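Protein chains in written order, with my numbering: chain A, 1 to 300; chain B, 301 to 775.
Hints are computed from structural coordinates only; laboratory data are not their basis. Remember, predicted model here, so these are calculated numbers, not experimental data. Glycine residues also receive a C-beta, built at the ideal position from the N, C-alpha and C atoms. Treat the hints loosely; a few may be bogus.
[Said to hold, decoys possible] If you want the footprint, here are the derived chain A segments under chain B, 3+ residues with CB under 8 Å:
{"#": "1", "stretch": "75-81"}
{"#": "2", "stretch": "92-103"}
[To be verified] Far from chain A, some chain B residues (derived; all Cβ distances over 12 Å):
{"#": "3", "residue": "N302"}
{"#": "4", "residue": "Y306"}
{"#": "5", "residue": "L379"}
{"#": "6", "residue": "G389"}
{"#": "7", "residue": "L412"}
{"#": "8", "residue": "S468"}
{"#": "9", "residue": "G472"}
{"#": "10", "residue": "S746"}
[Unchecked claim] Computed beta-carbon distance windows for the label pairs:
{"#": "11", "chain 1": "B", "residue 1": "R626", "chain 2": "A", "residue 2": "E286", "range": "43 to 49 Å"}
{"#": "12", "chain 1": "A", "residue 1": "R296", "chain 2": "B", "residue 2": "N302", "range": "47 to 53 Å"}
{"#": "13", "chain 1": "B", "residue 1": "I639", "chain 2": "A", "residue 2": "G15", "range": "54 to 60 Å"}
This is what each chain is made of:
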Amino acid sequence: MTSPLVTYQLNKTFGAHQALGALTLEIPFGRVVGLIGRNGSGKTTLLNLACGLLLPTLGTCSTLGRPSGELAAPELSVLGIVAQAGQFINWMTVAQQLQFHASFYKNWDQPREQRLLDELDLNPARKIDELSPGDLQKLGIILGVCHHPKLLLLDEPMSALDPIARQSLLKFLLDLVREDEGTIIISSHLLSDVEKIIDWVVCLDRGELAVSAPYDELQERYAEWIVTPASGSELPRKFAEPWVLAREGDSRRARLQVRLPSSETIAQFSAQHSANVIDSRPLNLEQLFPLLINERSLAQ
Amino acid sequence: MNWRVYLTLLRPWHSAQMVGLLFMLFFGLRMVVINLLGNTEGNALAGWGFVMPVIFGFVLTDAVRAPMHHPFGMFLPDLRRHLARWHLGTMGTLTLLCTGMIWKYDSALPPLTVAGIVAVLNLILLPGIWQVIGRVSQLFVLLVLGILTIAMVFPEELRLSILAHPWSIGLGAWALAWFFFHGVFSCRSGKRNAQIPYLPFISSSISTRKKAEKSEGRTSSKVKHPSPWTTTPSDGSLRAWLDVPHYVLTGKNLIGSFMPLLRLCVLGGLSAILFAQNDSGEIDRVLYRFVWFYQKPDNLIFWIVILNSIRTTGFLQPSCVYPISRAQQAKVHYLNFVIGMIVKITAIGTTFVLVAWFVANRHDWPRPMLGVVNLFQMLAWLFAVGSLLQGISLRYKIRQNTNAQSILLVLAFICAVIFSVFVATHLTFIFSLTGVACLVVLIATSQYVYYAVVRRYFRKMDFIMLNPSRSGSAP
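Only chain A is shown next, with the shape it has when bound in the complex (with noise of 0.2 Å):
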């Protein structure tokens, strides 16, 4: 199966905003994608270039196999987009819009649709003007998935919604992966709730791409360690290895962020500063998340 989203030296300006500069990218099939970065930093456009909403000022962008520009039926049928808000006719039911969203997709799951209806506690009677923004945003989930989208593009999808209807979110999210086998690229903030779904990550910083790997590949790259001091010593106020990149606590016990060394340095790290590191364990995203800015910044 090719990759759903390919993008070479994409570049989009507005005006002299620079919001994507020369990003090339290669999204594997069948993957959750994580879409990280700080505010700003072009992840809604690309999304929007992803879907053909906005066109690329230099570079290419392809979208199922096909310029997102020209995105036709068949690609269409097969893309879902949930978007941050305005996806509705506000003087429709949520029923009759969902009635009007099946119309144009064949194989629209209406099972599915009623499943998530009940599980995220949304009434089909209600008027589209009278829902809450949580729910405005569970109406936007489930026209994005009930006609088994190939490759889901989701902004910001939990950005309004409660931690029960995350939860429920991202259990459905799971199961849309086993059954329907596609692509989701999901964009959020909430770094500890993504990461249970995830198993890519790509960040981006001002427009740039750090960082495209599989998460648990980054999660063996980085690590924490718990270092207590040799009886008899205290540890350095700054660790001078440029492979420490963060440091909290005091002299008697510290708590650091590092990109894993070989075990040859571990050793000598141990050594020349008379430290025991008596605790590794992964960082979960929220913490990898400034350490891969912050090394992008360094090796700028």
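Start from chain A and add chain B according to the hints.
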């Protein structure tokens, strides 16, 4: 897409309501035109060839355009093809219906040519170019109203033109209909017409920041901010109250500020076209009659009530959160209403007397006068009808940013027309002492009730409207 979904999209009940209201609007307009020009000769062409197609087109266009201009419209597979197929069927049926009705009453007219005209007017509001700048659509609606007015004033002339040039008019009409239809439903135009500012992804932090940066750059040199409050808002002085309408009326963008002028220009242009149909002597005659028409209070009410209803709803916009108390806002609203009425009556009265004098002097015709009794009548009826309409707009929260604005407009027309008929048949009663006493009572009662409604509204309303698309029931 199936017929059931398409029918849902057309909102049958809502559409039927709108068709009914618009039909009454044009019926009223035709009465006024007949009153103005003394033209009582109507025919099926004006009604079924011009008015009904525009009404059908106006109502159904919005239903079809809505999904195409929504952000999701670009992602639904073959949306435009499906909509084009169904809409073509609907418009075809309506064209056949209208043509059939004309054929029934006037079989001399060539049906293909008539069908072409009907088709154009069915589709004329469909192209998205009228929506490029929000208020341009209002101008366009005015233009359509102008065309309809001409069609209703000169139905016989139009009929003769069609009979004289059936092929050229027919071909031109069908070509224009194809152009409108293809332009709207082709895929290429789909992307062009997508309402980019409403697209969800676009409203991301980047574009928001960029917009903010742009707007900061602009405001420093070009954009005029609304005048700051120069008085302590809570002092309750007349100056503080007068600052509120100033804020509302001047705190708009540049285009917004000039739109009333543009609308007047369009109306003026249309009037000029209307008058240009006659020779110079006829223009004066029509103008003189026009002035007499305005001198009658029932007809003047018709226009002033509409203008005032639209203008004062500006105060109900939720964005206008004034730094004065709710009680003061009620007073401001009421004062604006009263002052607006008096100013308009005086201005229009003076204008029509001056114009009439000018025309009468040229032809040695009798000079019309604006009598005190007339002025008093106008005030009384305007306050009564105006208060009623304002009360309705307050009760149902009809604001400028709701779809209900058009309903208000239609309501104003209908009330004014019904009222005109009533006054025209009971005018002599007003000149009696009892009549004047009744007018005084009418003014006092209507204003007491209206002020009570205004106070209650401002005391109980939510200033933030959660669901702007609804005309809304009480919170």
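Status of Y306 of chain B, Cβ more than 12 Å from any chain A Cβ
Per Cβ check, Y306 of chain B is inside 12 Å of chain A; nearest 9 Å; violated.
Taking 54 to 60 Å as the stated bounds, is the beta-carbon spacing between I639 of chain B and G15 of chain A within them?
Cβ of I639 of chain B to Cβ of G15 of chain A: about 45 Å, so the range 54 to 60 Å is violated.
Annotated coverage of the stretch 75-81 of chain A by chain B, confirmed only when three residues or more have a Cβ within 8 Å
Holds: 4 residues of the stretch 75-81 of chain A have a Cβ under 8 Å from chain B.
Take a look at whether the Cβ-Cβ distance between R626 of chain B and E286 of chain A falls inside 43 to 49 Å.
46 Å, holds
So is S468 of chain B really clear of chain A, every C-beta pair being over 12 Å apart?
40 Å, holds
Closest CB of chain A to the CB of L412 of chain B still more than 12 Å away
Non-interface label on L412 of chain B holds, nearest chain A Cβ at 35 Å vs cutoff 12 Å.
Are there at least three residues in the stretch 92-103 of chain A whose beta carbon sits under 8 Å from a beta carbon of chain B?
Satisfied; 6 residues make the cut.
Assertion that G389 of chain B lies outside the chain A interface [Cβ separation over 12 Å]:
Answer for G389 of chain B: holds, closest chain A Cβ roughly 16 Å.
Checking a non-interface call: every C-beta of chain A should be farther than 12 Å from the C-beta of L379 of chain B. Is that right?
6 Å, violated
Beyond 12 Å from chain A, beta-carbon-wise, is G472 of chain B?
Given a closest Cβ separation of 34 Å, the condition holds.
Compute the least Cβ-Cβ separation between S746 of chain B and chain A, then decide whether it is above 12 Å.
Consistent with the label, S746 of chain B stays out of reach of chain A, its closest Cβ about 34 Å off (over 12 Å).
Consistency of beta-carbon spacing, N302 of chain B to R296 of chain A, with hint 47 to 53 Å
The hint (47 to 53 Å, Cβ to Cβ) holds, given that R296 of chain A and N302 of chain B are roughly 52 Å apart.
Hints 3, 4, 5 and 13, counting from the list given before, are not met by this structure.
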